[in-house]
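Following the hints, position chains B and C against chain A.
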Amino acid sequence: MFLQKFGKKVSNALSIPSQLLLLIGLIAFILMPVFFNQPHVLRLLIMMNIMAVFASSWNLVTGYAGQLILGHALFFGVSAYVSAMLNTNLDWSPLVSIPAGTLAAVLTGLIAGYPALRLKGIYLGLTTLAMPVVLSGIVIVFSDFTGGEMGIVGVSLLSKNRIVFYYITLFILVLTVFAIHKITRSKTGLIFQAIRENEMTAQASGVNTTYYKLLAFCMGGLFAGLAGGLYAHFIRVVGPSVLSFGFSFEPIIWSSFGGVATVMGPVIGVFILVPAIEELRAVLGENASLVYYIILGIVVIFAPGGVIRWFLNRVEKKCAQCEATNFAFRRHCRNCKSSLKDNGVLKAVKQS
Amino acid sequence: MIANIFVIGLLNGCIYALLAAGFSLMFSVARIVNLAFTAYWMFSAYCYYGLTSSMGIHPLIAAPAAVIVVILISLFFQFFVINPVKGSSMSVMILSLAIGLILQKIVSLQNLSYTLVPNLIEGKMEWFGVTVTYQYFLCLVVVVVVLLGLWFFLSKTRYGVAIRAISEDRQVAGLMGIDERFAIALVTAVSVGVAAIAGVVVSPLYALEPTMWMSHLLVLMAVVIFGGMGSMKGSIITAFIIAFTETSVVLLIPTGGFLRSAVVMAFMIAVLMIKPTGLFGTLTEE
Amino acid sequence: MSLLQVKGLTKRFGGIVAVNNATFEIKKNEVVGLIGPNGAGKSTLVQLLMGIIKSDSGQVIFNKKDITRLKAWQVVRQGVAGTFQCTKPFVKLPVFANVLVASSAWKKPGSNGTAPMGKAMEVLENVGISHLAKLPASKLSHGDLKRLEIARSLATDPQLLILDEPFGGLNHNEIELLSNLINNLRMQPKSDQSMGHGGLSMIIIEHKLSELMKIVDKVIVLNYGKILACGTPEEVTKDEAVINAYIGDEGV
Chain A
0 MFLQKFGKKV SNALSIPSQL LLLIGLIAFI LMPVFFNQPH VLRLLIMMNI MAVFASSWNL
60 VTGYAGQLIL GHALFFGVSA YVSAMLNTNL DWSPLVSIPA GTLAAVLTGL IAGYPALRLK
120 GIYLGLTTLA MPVVLSGIVI VFSDFTGGEM GIVGVSLLSK NRIVFYYITL FILVLTVFAI
180 HKITRSKTGL IFQAIRENEM TAQASGVNTT YYKLLAFCMG GLFAGLAGGL YAHFIRVVGP
240 SVLSFGFSFE PIIWSSFGGV ATVMGPVIGV FILVPAIEEL RAVLGENASL VYYIILGIVV
300 IFAPGGVIRW FLNRVEKKCA QCEATNFAFR RHCRNCKSSL KDNGVLKAVK QS
Chain B
0 MIANIFVIGL LNGCIYALLA AGFSLMFSVA RIVNLAFTAY WMFSAYCYYG LTSSMGIHPL
60 IAAPAAVIVV ILISLFFQFF VINPVKGSSM SVMILSLAIG LILQKIVSLQ NLSYTLVPNL
120 IEGKMEWFGV TVTYQYFLCL VVVVVVLLGL WFFLSKTRYG VAIRAISEDR QVAGLMGIDE
180 RFAIALVTAV SVGVAAIAGV VVSPLYALEP TMWMSHLLVL MAVVIFGGMG SMKGSIITAF
240 IIAFTETSVV LLIPTGGFLR SAVVMAFMIA VLMIKPTGLF GTLTEE
Chain C
0 MSLLQVKGLT KRFGGIVAVN NATFEIKKNE VVGLIGPNGA GKSTLVQLLM GIIKSDSGQV
60 IFNKKDITRL KAWQVVRQGV AGTFQCTKPF VKLPVFANVL VASSAWKKPG SNGTAPMGKA
120 MEVLENVGIS HLAKLPASKL SHGDLKRLEI ARSLATDPQL LILDEPFGGL NHNEIELLSN
180 LINNLRMQPK SDQSMGHGGL SMIIIEHKLS ELMKIVDKVI VLNYGKILAC GTPEEVTKDE
240 AVINAYIGDE GV
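Residue numbers (numbering that gives the first Met the number 0), protein chains in the order written: chain A, 0 to 351; chain B, 0 to 285; chain C, 0 to 251.
The set of hints was computed from the structure by calculation and includes no laboratory data. It is possible that part of the hints are untrue.
[As the list claims (entries may be wrong)] Okay, derived cross-link-like pairs now, DSS-like style, lysine-lysine, Cα gap no bigger than 27 Å in a straight line:
#1 C/Lys-106 with C/Lys-133
#2 C/Lys-70 with A/Lys-186
#3 A/Lys-186 with C/Lys-87
#4 C/Lys-27 with C/Lys-217
[Unchecked claim] With beta-carbon atoms standing in for the labels, derived distance ranges:
#5 A/Ile-271 with B/Asn-110: 51 to 59 Å
#6 A/Leu-43 with C/Leu-134: 52 to 60 Å
#7 B/Leu-74 with A/Asp-90: 55 to 63 Å
#8 C/Gly-168 with B/Gly-86: 44 to 52 Å
#9 A/Phe-326 with B/Ser-53: 56 to 64 Å
#10 B/Gly-255 with A/Glu-285: 53 to 61 Å
#11 A/Ala-281 with B/Ser-53: 50 to 58 Å
#12 C/Gly-168 with A/Phe-141: 53 to 61 Å
[What the hints assert, rightly or not] Derived list of chain A stretches under chain B, where covered just means 3 residues or more per stretch with a C-beta under 8 Å from a C-beta of chain B:
#13 125–132
#14 246–252
#15 276–289
#16 296–306
All C-beta atoms in this analysis are idealised placements derived from N, C-alpha and C, irrespective of residue type, glycine included.
One chain only, chain A, in its complex shape (with noise of 0.2 Å):
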């Protein structure tokens, strides 16, 4: 009974194109190391996982909560000091100073939200655009500690082995997308979309705009800390550079690459990009990011919404009667048999 129940539930989430491309996709990724275990390879994933987190983190707030963040590299730096310190100043196990580097980057939430309670779209952008330049000019003045120019060296690495330093990043990665699907299916979800919407009816429906708007920004430098504190312990060397314009951007550029304010988008963004600009520079050598930035550009003119989006358009199909989603070469809906072909709003728009 039980078996039938969870079979059928099975069946019919595989039903829909999305979620089935979702399995296959998530079983690809664990199988990979078999297949590819060259070090190059393994180090290459790795990035894609830690940088997955960090682009879902940013969506999180601007794409969801719409406070537009042009810095985020701020939460990333924060964390990836604040571990690379831990470790090498104090000898604390990766196993501490990660989570305590998230723990700052969540902080540095209520800090950076502050602006926000304030100011809105640009003006919020550019205050939160200017805060990891303030930052590393921190960085600078207190050398010290933090290693100045050159960095914090010789932070040690989670795990050894890469392959085992893979499959935590792959389950941090999936725990990631797992929390922010059901976020955004929350009530939270729903007010932060609310206050992105229009803050003004959001508070005039009763939301307490000031809590939402800092529980965003610290979710927000959570989901950013943990990829900051990963990276830390990767590539073992944290220097301003994490703190730079490139960190803040590349997640922005990820994201509206995969879709904005959608769970797997940022995901999506990653798993594309960041493969491909390293594969464009082993093939064109100094002329890949010309090429790398003009095929972005025309993804971003004529996939406004991001690829996820405009491939899904393609796929999935959704039934006018019953509203469940099928595969687009699909004549009759799984569930309601009424043809797909010809359906009501079809023939109501081609009658006017």
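What follows is chains B and C alone, placed relative to chain A:
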């Protein structure tokens, strides 16, 4: 030391003022945050260098040629890249950043980094005990002329007034029969033209490098926000405030070179927290 | 017994006194019309009540509690909900979610077990747009948007409902539907009697006086930020000062 701060600060202030005036104009009319703006400035400096040094064209011909080339490039990007995604500020930001990076890459592929450009006019003099080239004074004069020209264009000419009408109220401007596409083209040409002129006059005075637009972009953002988005007078005043602050930090603090952006940014955050629309802000977010 | 007491409320914008020493009272279950020429300060006054803008001086007391200094969302939680003159829905979210935000924003003390979901659906049915629940708010017509605004306000379980120009931009048919709805709302005792309050009190700002006079118990007339008159519709329409204020503006 103080004379040094004054001389360098004045030059940087002028460049920031020109860039800020252009950027502010583009923001107030087209309502887009064009991150490629300082990249046009950088590109124009290199264009001028390429035309004079590599191709041997006379500076007086090369200067307008460089400005026109950059304006044409910006119009191309505006119409084929930015306009299609105008509705989404996030896409505009990413695409303009990509444009900036593409321009940077094009320049750096020419292997011209750390270039010195010959002066338009030769000679130098002593000023408050600091050696100053005539090119420096030429630069100051051009900045003042361009700013006055911009002010004249916006307040006295028909097109300038139309542009201002759009920045104040698009719907009314639409009713008055002002074509938005034309206005955006015009405003792009004018504001990028201002940036390009800044690039040409500054190219002999700066040690050029393809990545210099990034640091200037950051300062420019601070200037425009400081002065209030869309307020040209405010941006020009704050351009000088920031330039002098920055130069003082660089010259007075031992590790100042690394700190200059940090100090400016900290200052900007502080101002925004106290006065969310900037010092002279007129526009508010819609 | 009075539900809302406003004492000497004043708000200046630069040199202009938008609301000048406004003092009035609203009883439980009373429907009050707020009228006055354009720029009289009506919207400013209700925005002061809703906590959207802060007053310079004066006091607002609601249910014996001083709400003058509370933030907008705190005022809502006290039981004062309002609609905006120009509707500002969460455009990308479905209609249902628009209302769900309000019904789930905080735990209502008196909610007798009605879950936020149920509450949201109930409210949508009440205003008659439950069939549009799954559509994104951007697809709604102007009239339906006005209903959505009211639904969103009702979902916060208010005791005082403020409607800023509910009939603005609506056609005859829509006006009739909406005034029926308003009438229903005042007749209908609130679903939760546990808190011991009866029906819904309302403040309605409206230019279409003929429609307004049919549904209100009391009218407050505002001009240049000052309260000119206050009384039943019959009294107010005979008031000299009111007639003078309105001459050249609109016929009463």
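Enumerated hints in conflict with the structure, sorted upward: 5, 6, 8, 10, 11
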